[in-house]
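Start from chain F and add chain U according to the hints.
Protein chains in written order, with the numbering used here: chain F, 1 to 265; chain U, 1 to 265.
FYI, nobody ran anything at the bench for these hints, they're computed from the structure. Any given hint could turn out to be false.
As the list claims (entries may be wrong) - Taking lysine-lysine and the BS3-like style, the derived pairs with C-alpha atoms no more than 30 Å apart in a straight line are:
1. 3/F <-> 92/F
2. 92/U <-> 63/F
3. 63/U <-> 52/F
4. 52/F <-> 92/U
5. 147/U <-> 229/U
6. 92/F <-> 92/U
7. 92/F <-> 52/F
8. 3/U <-> 229/U
9. 52/U <-> 92/F
10. 52/F <-> 147/U
11. 216/F <-> 3/F
12. 52/F <-> 52/U
13. 229/U <-> 216/U
There are 2 protein chains.
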Amino acid sequence: MEKLHGICTITITPFTEDGQVDLPSLRNLTNFYLDNGVDGLTILGIMGESNKLTEAERMQVIKETVTTVQGRVPIIVGCTAPGTDVAIHYAKTAEQLGASAIMVAPPLNLRNEQAIIHHYQMIGDAISIPIVVQDEPVTTNVTMSAKLLAQLERDVSNVEYIKLEEAPSPIKITQILNESDSLTILGGLGGVYFYEELERGANGTMTGFAYPDVLKEIYQTYTSGEKEKAQRLFFSLFTSHPFRSPTRHGRCDHSKRNFQDAEYY
Amino acid sequence: MEKLHGICTITITPFTEDGQVDLPSLRNLTNFYLDNGVDGLTILGIMGESNKLTEAERMQVIKETVTTVQGRVPIIVGCTAPGTDVAIHYAKTAEQLGASAIMVAPPLNLRNEQAIIHHYQMIGDAISIPIVVQDEPVTTNVTMSAKLLAQLERDVSNVEYIKLEEAPSPIKITQILNESDSLTILGGLGGVYFYEELERGANGTMTGFAYPDVLKEIYQTYTSGEKEKAQRLFFSLFTSHPFRSPTRHGRCDHSKRNFQDAEYY
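For reference, chain F alone in the conformation it holds in the complex (with noise of 0.2 Å):
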């Protein structure tokens, strides 16, 4: 597989009026997306509500996207799970109905980092796809050091990506990127830092905003070496980000004036 790179979209889960996962929406939202040019699709997300679906929804969402894609883009399963043995359930059967990667977030407040890596090299060896570590201290109650996240992808053979979420997240990808030479970074937040993140190395971003086209945009132009221009559309639409607050990104305290001075950008 090609490196996962540019937009991999974390996509919603729709429901019926009922409840139930509404696959009609589901692949007219797969298309949605695709039309608009994603790089990937990573399904089953905490914006995919994965946590509040049975089993049998989740294999419901992922043949559904897997038939709607055709391989046209590499698909992320979330495998999240608050135990080791259910994430790896949940990842051998993601890998059997196929998925090209799966993304898995420590579970919550697990903070020993000898568990940490235990727990994902117990998933990594039961299966033989990539793994992408979910860096989401907000809803894990979990923080991973840039050092820690370089001993994973020593430690586990498929650990080969970083989904990065915690903010301010340009800073930390430099911090990695001193770590390891081989990881390759996504960033997130809702795109608000994207091209701070693809000036800091970032391959592309992993996250769930509903414009697609827009990310799409800047990291074509961002890629094709215009940076200026790139950063020019970038600050045009996420400078007022309503996203961009303290209270949305947790222990964040840059606002985006910082990273154009000087001394942080």
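Positioned in the frame of chain F, the structure of chain U alone reads:
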């Protein structure tokens, strides 16, 4: 079914060295509880690590327990889940497999009272066995008032029980019974307030205490009318109970001594 009462032990789930559910040990453990005179068994609770089990493993535990108990005591099955539909799925499965009742805590962080009521209504509508509302603010981050618990009983026909875990539980028992004449309350918190809970009107305790025979003796002595003897027995065993600490009990700031003072007790 006779009202739940006495010692309804919350069970652990035994695992083999390689992390599988250990069914022979589960049988041994179930027989140990029965030999020690428990009046009910609550399986797949927080102590049973239910959130680390696959759906298939949940079913294994329920089936094995039902087969071993053979109707000698009621079996209450924990069906807490992060979403309503998963909880309904667990609840229907538990009922089909022979559960006498289910126990459900609110989903993590669900603090909107109307949403909590709706959650229990949807579950209640899906089954015909009683619901034990697990009031466990430390794990769920959801604190339910006595008024809300009474409201749940009025709005959901099969909500009959509260398993109380908000420390200090004796005070809350009085608050709840001031709001409802018909709710049946079971204490918790490792039995550290068990005597006080009985004095306040609890019908028994539902807790994961490892020596159910001790609690049973206190309960039998108390209900036979020998309150002073039960009190002496309780305080001789529980005064220095290691779990009676502020951290274990969340926002508990009352020592046992307070309860012996006239003001509280």
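Structure-based check of each hint:
1. Restraint check: the Cα-Cα separation between residue 3/F and residue 92/F comes to about 21 Å, which is no more than 30 Å; the hinted pair holds.
2. With a CA separation close to 25 Å, the supplied pair residue 92/U and residue 63/F stays within the 30 Å bound.
3. Among the hinted pairs, residue 63/U with residue 52/F is consistent with the structure: their alpha-carbon atoms are about 24 Å apart, no more than 30 Å.
4. Restraint check: the Cα-Cα separation between residue 52/F and residue 92/U comes to about 16 Å, which is no more than 30 Å; the hinted pair holds.
5. A distance of roughly 34 Å separates the Cα atoms of residue 147/U and residue 229/U; the hinted pair therefore is violated under the 30 Å criterion.
6. Between residue 92/F and residue 92/U the CA atoms are separated by roughly 26 Å; this keeps the pair inside 30 Å, and the hint holds.
7. Distance hint between residue 92/F and residue 52/F is fulfilled; the C-alpha atoms sit about 20 Å from each other, no more than 30 Å.
8. Taking the CA atoms of residue 3/U and residue 229/U, the gap is near 25 Å; set against the 30 Å cutoff, the hint holds.
9. Distance hint between residue 52/U and residue 92/F is fulfilled; the C-alpha atoms sit about 16 Å from each other, no more than 30 Å.
10. For the hint pairing residue 52/F with residue 147/U, the CA-to-CA distance comes to about 28 Å; that is within 30 Å, so the pair holds.
11. Distance restraint check for residue 216/F and residue 3/F: the Cα-Cα separation of roughly 17 Å lies within the 30 Å cut-off, and the hinted pair is therefore satisfied.
12. For the given pair, residue 52/F sits about 15 Å from residue 52/U by alpha-carbon distance, which is consistent with the 30 Å threshold.
13. A threshold of 30 Å between alpha carbons decides the hint, and for residue 229/U with residue 216/U the separation of about 14 Å falls inside it, so the pair holds.
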